[in-house]
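Peer 1: Could you slot chain G onto chain C? The hints should help.
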Amino acid sequence: MLAGETGLYAEANRQLVICNACRYCEGLCPVFRAIETRRDFAKGDVFYLANLCHDCRACYYACMFTPPHEFEINIPRILAQARLESYKHWSWPGVLGRAFQESWIGSVLAGTAAVLVIAAGAALISPVRLFAGHTGPGAFYAVVPYLAMVIPALVLALFGLGVWLRGGVRSWAETDNSSRARWRVKELFDAVGAALTLRHLDGGGPGCNYPGERPNSARRVYHAFVFWGFLADFLSTTLAFVYQDFLHRLPPYPLASGPVLFGSTGGILLIVGVAGLMGIKHKSDRNPSFESAYGLDHIFLGTLGVTALSGMLTLIFRATSALGVLVVTHLACVAALFITAPYGKFVHAIYRSLALVRYYAERSQ
Amino acid sequence: MEPFDVIVVGGGNAGLCAALAARHSVPRVLVLERAPEYMRGGNSRHTRNIRCAHASADKFFSAPYSEEELLEDLIGVTGGPANLDLAKFAIRQSSKLPGWMEQHGAAWQQPLAGTLSLGRTNRWFLGGGKALLNAYYRTAQHMGITVRYDAPVEDLEIADGRFEAVRLKSNEKQELIRGQAVVIAAGGYEANIDWLKRHWGEAANNFIIRGSPYNDGSVLAKLLEKGAKPMGDPKGFHAVAVDARAPRFDGGIVTRLDAIPFGVVVNKLGRRFYDEGEAIWPKRYAIWGGLIASQPDQLAYAIVDSKTIDSFLPPMFKPYQADSVSALATAIGVCSDTLAQTLDEFNRATSGKNEQQMESPDGNGTRGISPPKSNWAIPIDRPPYYALPLRPGITFTYMGVAVDEAARVLDNSGRAFENVYAAGEIMSGNILTKGYLGGFGMTIGSVFGELAGRMAAIHARG
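Those protein sequence lines, which keep their order, are chains C and G. The opening residue of the first sequence carries number 1 in this note's numbering; numbering runs sequentially from there. The opening residue of the second sequence carries number 1 in this note's numbering; numbering runs sequentially from there.
Isolated chain C, as found in the complex:
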């Protein structure tokens, strides 16, 4: 174990023991209620609490012991650091897992994937084909052949899913703490509901203290935009697959079709959500935040944002000669998103959801 890592657990323990002796924050979020069911905090417990934390920061502003107080309590920050450590710990292969602590790795991954796609586009697509403008069924594939799109995307997606699955299984095993949990359908529903509605990104009621001390709902709303926007786009892609391979209708689809309606709604939600989250992140109080997390969040939001934006531009200008360049650009963004999915902030969806499942199961005990 690295010295820095040991220091992280020792420091997290020091702070969590003080929280456990205080308990004023019990009403703010599940993290503190989970702390109270423990007396010691092993590595798995720290990882569990770190992923249960939504970074709403209510505890930071409520705490009498934040720096410069000598107790130096800063739970959002230490848990953000532990969260990154857990992402890295559950990642594979190790060399890419370092991306969670050195955000330049994520930028390089995303950039390389995008550049590769663009380079391939430039090398393999003749300028005539690229700038000709294409309309009618199969217009996209006139720019980039179907298989050239699908095969790399499928490979990246399956790889990413594999890494996620492996991480999820490991996180579940390593955060298991004796047999406190009790499993019923109701607890599972509670956890899924909490994840879908971001129930706990509310500071215990008034809203999370983000970007500053004043509680508000901006982060929860923007995050919902991003999540549901992403889901709408996922649905749009799935519908397009059904249209093409089962209904034998080739894209582009008319404006009133399922894929375009879901795709454009999702695109707009994503753009607004990403812009909103980045905006408040920019204004946010840095004292309760952990610097590397800041970089990681930006890469994730950035790739999501440009992917949505390039998708929307492709839709708007698909009837013009810009189509070719836009399709290639959009594919480059998608490639960047896919390659960083297992090595960026995307993974929080898995680990936080699992932490919520554990929390609700423990609570019903």
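Within a straight-line C-alpha distance of at most 25 Å, the following computed DMTMM-like cross-link-like pairs (lysine to aspartate or glutamate) qualify:
1) C/K281 with G/E37
2) G/K59 with C/D202
3) G/K318 with C/E36
It should be emphasised that the hints constitute simulated quantities derived from the structure, not laboratory data.
Peer 2: What follows is chain G alone, placed relative to chain C:
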């Protein structure tokens, strides 16, 4: 500079309540907080609930709590208020507090786990007292109240019973600020060790101050100097047992120890000195600070064994641990023969039963030793053994200034100053004379803060 309508000295709960109430009827309200912004709020930062009478249960109160019952509890724990009329007024007004507080930004939470007995009588601040104060400060800003931090008041200009101005000392600069009326909500003097020494001698050097280091009583001293009538025992303070390793100031809730009824308490000579199993919880909690203050070096140790170490709230500081009584004695620097003898005597005096029923006094007391342990007396004989060092942790002081039913400060002849009001700990001696009723300090601060602010504003409007 145009005078302020109302100047509030002190930025804790009472001060903010006064400022908010005043601002409803006058435009120019100033709060002077002597602490820097990150330490604002005085001891209210460390509070967590407020006691209020209520006719019916709601989402946060588990059952009704009548005014009569609250008064009985107050008299039961504190032995009767100094001014019964003011106590009754506070209790009557307390039922209106939750609504008033919500209007000014307060949010609530369910009672903390393990404190369900208080869920009927007390309402819990979401995130605790600092979060409540943050909400009040936000509301104050929104309402256009001026707040100045790092603004210690050095003197009050009072002539012929009439307040004129406060003299401020900040950054070596003197500054005079005029006001039509002043509300003094500057807390007690528990953080002033020299003041405590006047009554406790050198022992005060070993006291731990649980709250703000800024409560040095300087404004209280000024008021007394200007002829305000003192109220309450000048030696009296509320003190609980806290971990001896706690910081000198501002350790707050996390340094308190709940171990006492689970084992025995010895002084540094290794001898027991008081019944650790007394029945009444709030009294038991409050009595130990004073008891330890009277022991040699103001130091004591709670001794438990492996049977009970996990039964109380996990402490912030790791207990001393050893596999034998003599090793434990060595670790804490207590004579090991004496400690072994004390534990032997205690163990022989127990009934031998090994179960503690903590929900209520279990009647399992010792026989034939003095002092006895009246309840929860089980042998301390299963290693490892643990010791938790204890010192008196001072929460607040009782002495303050006398006020009338309009929260105006009274002078030594019993006449009210024309435009000087007081609220919070600085006048709680009118009601609390000894002991403490959990959450009632916030009740006094809120009721008299609101009253003082309102009356001061009425006076300012003329």
